[in-house]
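Peer 1: Start from the sequences, fold in the hints, and give me the full structure.
First residue of the sequence shown: 57, per this note's numbering; consecutive thereafter.
None of these hints come from the bench; they were simulated from the model. Treat each hint with caution, since some may be false.
Distance ranges between label pairs, derived from CB positions [stated by the list, open to error]:
{"hint": "1", "residue 1": "Pro170", "residue 2": "Asp90", "range": "40 to 50 Å"}
{"hint": "2", "residue 1": "Pro268", "residue 2": "Pro322", "range": "32 to 42 Å"}
{"hint": "3", "residue 1": "Arg289", "residue 2": "Glu183", "range": "36 to 46 Å"}
{"hint": "4", "residue 1": "Arg290", "residue 2": "Thr200", "range": "34 to 44 Å"}
{"hint": "5", "residue 1": "Gln255", "residue 2": "Tyr172", "range": "36 to 46 Å"}
{"hint": "6", "residue 1": "Thr323", "residue 2": "Gln154", "range": "33 to 43 Å"}
{"hint": "7", "residue 1": "Asp304", "residue 2": "Tyr172", "range": "17 to 27 Å"}
{"hint": "8", "residue 1": "Glu245", "residue 2": "Pro322", "range": "17 to 27 Å"}
{"hint": "9", "residue 1": "His315", "residue 2": "Glu176", "range": "40 to 50 Å"}
{"hint": "10", "residue 1": "Ala92", "residue 2": "Ala318", "range": "25 to 35 Å"}
{"hint": "11", "residue 1": "Gln255", "residue 2": "Glu195", "range": "14 to 24 Å"}
These figures come from a predicted structure and were not determined experimentally. Don't be surprised by glycine CBs; every beta carbon is placed ideally from N, CA and C.
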Amino acid sequence: MRITFCGVRGSTSAPGVGFVRYGGHTSCIAISHDDASAPTLILDAGSGLRRLTSLLAGMPFDGSIMLSHLHWDHTLGLPFFAAGDNLDACVNVLLPEQESGLSAVAVLAGVMRPPYFPIEPTDLRGEWTFDTVSSGEREVEGFTVLAREIPHMGGRTFGYRLSDGHSTLAYMPDHCPTMLGPGEDGLGEYHAAAIELAQDADVLVHDALLFPEEISEASFGHSVADYAVGLARRAQTRSVVLFHHRYDRTDDALDELAHRFADVSPTVRVAAEGQVLDL
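Peer 2: Spelled out as structure tokens, the structure:
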């Protein structure tokens with residue numbers, strides 16, 4: 057399994073000279089099989105989705121996009137994805153089943169339609185399909201994907217666990233464990249869904265929007281970086297990638313974060329645009 061980080065920010069993009077090395081695009085990672093030259097499964101469609109077009113070297117995208125939830129920083133890359141908005145593209149968009157019962161395309165059209173945007177999801181060129189997924193296991197693009205609902209503010213949110221039969225990725229980009237209580241260390245509950253998703257995974261990509269001194273802001277729906285490391289230890293995950301960086305977190309501040317976790321177990325990385333992990 058190859059994982060390419062196309063966007064690693066949260067809430068909104070971060071342009072400017074202070075955000076060059078880690079990148080300013082919002083959440084998007086691309087997954088490909090070991091024997092494949094191109095990604096076929098995308099997790100989240102933030103502004104980082106634009107970067108995927110260059111990875112495809114001009115070829116149209118043929119695969120699936122799974123959204124963890126419907127917040128802007130995870131969806132607004134869709135109409136700017138040139139490899140998907142292509143007459144020869146074939147794109148399947150999957151998102152969490154809504155408590156309202158609305159269809160996937162109706163939910164997306166809530167933010168992507170006039171007068172808020174010039175076109176609707178169904179106006180994208182190529183063959184696009186839209187569907188919802190429920191909690192549980194399914195096959196997507198040759199990967200076994202387990203979806204579990206995790207706490208986050210402002211709409212149903214899924215974490216995903218992906219396996220190709222050899223390697224396993226756990227993905228929880230927006231996660232607010234303090235919604236379930238402070239937990240034993242004050243960083244939030246290490247609850248059953250999070251443990252199940254991360255258990256024995258090769259890598260955990262996890263929300264690290266906050267630093268410990270910012271935990272009072274957790275009520276907005278996010279995690280402290282230290283929680284991600286604590287979760288990995290409890291679930292015996294082999295490595296952690298800290299992800300969904302706060303939009304005003306500079307490169308220098310993220311360097312300090314990487315230094316703070318440089319000598320801990322399991323291995324901790326700080327996500328950066330263009331970073332590639334081969335599992």
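Peer 1: So which of those numbered hints doesn't the model satisfy?
Peer 2: 2, 4
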